[in-house]
Amino acid sequence: MTSATLGADASASAPTTVGPSRTARRSAPSWAWLGLVPFSAYVLLFLAVPTILAIGSGFFTKDGSFTWSNVTALADPVVLNTFASSAGLSLLTAVVGAVVGALVCYALLGMNAQGTVRSTVDAAAGVLAQFGGVMLAFAFIATVGAQGVMTLFLKDTLGINIYENGVWLYEVPGLIMPYVYFQIPLMVITFMPALAALKPQWSEANLTLGGTRASFWAHVGIPVLAPSFFASLLLLFANAFSSYATAAALISQGSQIVPLQIRAALTSETVLGRENLAGALALGMIIVVGIVMGLYSIIQRRAARWQS
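Each residue of the sequence shown is one higher than the one before, counting from 860 in the working numbering.
Possibly wrong hints are sitting among the right ones.
Cβ pair distances, simulated, as ranges [stated by the list, open to error]:
1. Trp1076 to Leu950: 24 to 32 Å
2. Met994 to Gln1060: 38 to 46 Å
3. Asp935 to Trp1027: 23 to 31 Å
4. Asp1015 to Leu962: 45 to 53 Å
5. Arg1164 to Thr1002: 21 to 29 Å
6. Phe919 to Ala1055: 45 to 53 Å
7. Thr1016 to Gly894: 57 to 65 Å
8. Lys1058 to Thr1002: 25 to 33 Å
Simulated from the structure, these hints should not be mistaken for lab results.
Yeah, the Cβ is synthetic: ideal placement off N, Cα and C, and Gly gets one too.
Build out the structure end to end from the sequences listed, making use of the hints.
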C-alpha cells in the first residue's frame, strides 16, 4: 500500500512532456511569409521598378547627364494648365459620381441585401467600375459619336444636333460622360458598406427621443457618414486623375490632360524640347495622387472608428 502510494506520488511529481514549450513554438521559423513572394515580386517588377525608372528619367537628359531642367519645366504655363485641366476634370467627375452613387446606395439601403435587385446592382457595379479603356471609348463613339446611334436618332427624328457647335466628344468635355460612367459604380462599391453599417439602434433611439427621419440624418446619419463619403470622393478623384486609356482612345490629337501630355512627351521630341519631360510629369502626377491618397488614408481611419 505504501509503495503504491509512493509510486503514485513520484509519477505525479515527474515533469510532463505534452509538447514543445511556448518559447520553442515562438522561436520556430514560420513559412507563412512565403505566400507573399508572388505578390511581392509582382509589385516589385510591375509597379516599383517602372515607377522608379519613370521618375528617375525626369532627372536626366537624353544622353544620360543629370539635369534639373525637366523638373523645373513643371512650372511652365503649358504644363500648369494641363495639370489644372486634369484636376478640374477629375474633381467634376468625382463630385458627380459621388453624389449620384450615394443616392443609388441610399435607394438600395431599404432593399433586401440578399435580394435579386441588390445582388444585381452589386454585380453590375463591380463589372462597370472596371469597364474602361478602348472598349468604353468605342461604346460612346458608337452611341453618341458623330455617326452614333443616338446622335443620328436625335438629329433625324427630333431635329436635335448635339454637335452643332463642334464634335466635343473628342475633346476634354467629351471625357466627362465616360469618366462618370465608371465613377458611379466605383462609388457604389466603396460607399455602400459604410451606409449599410449604420446601426438600426441609432434610428430607434432617435425615434424614442422624439426625433424624426430628417433629424436622424441631420444629427446622426450625415455626420457619421461624412468621413466615408469624402474618403470615397478622394478615391474617385485619384481614379479619374490617373486614367489614361479611355482618354487616349477618344482624344488622338492634343494633350489637354496630364496622361496625354506624358504620351506626347514619349512619342514626340518637340514637347518643350525635352524628351525626358515625361518622367517629370509622372513625378508631378505621383505627388498629386500621393497627397490625395494620404488624405484618403487619414479620413478612412477616422471613419473606421465607428465601423469597428
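(Q) To test your reading of the hints: which numbers does this structure violate? (A) When the structure is compared with the hints, numbers 4, 5 and 8 turn out to be violated.
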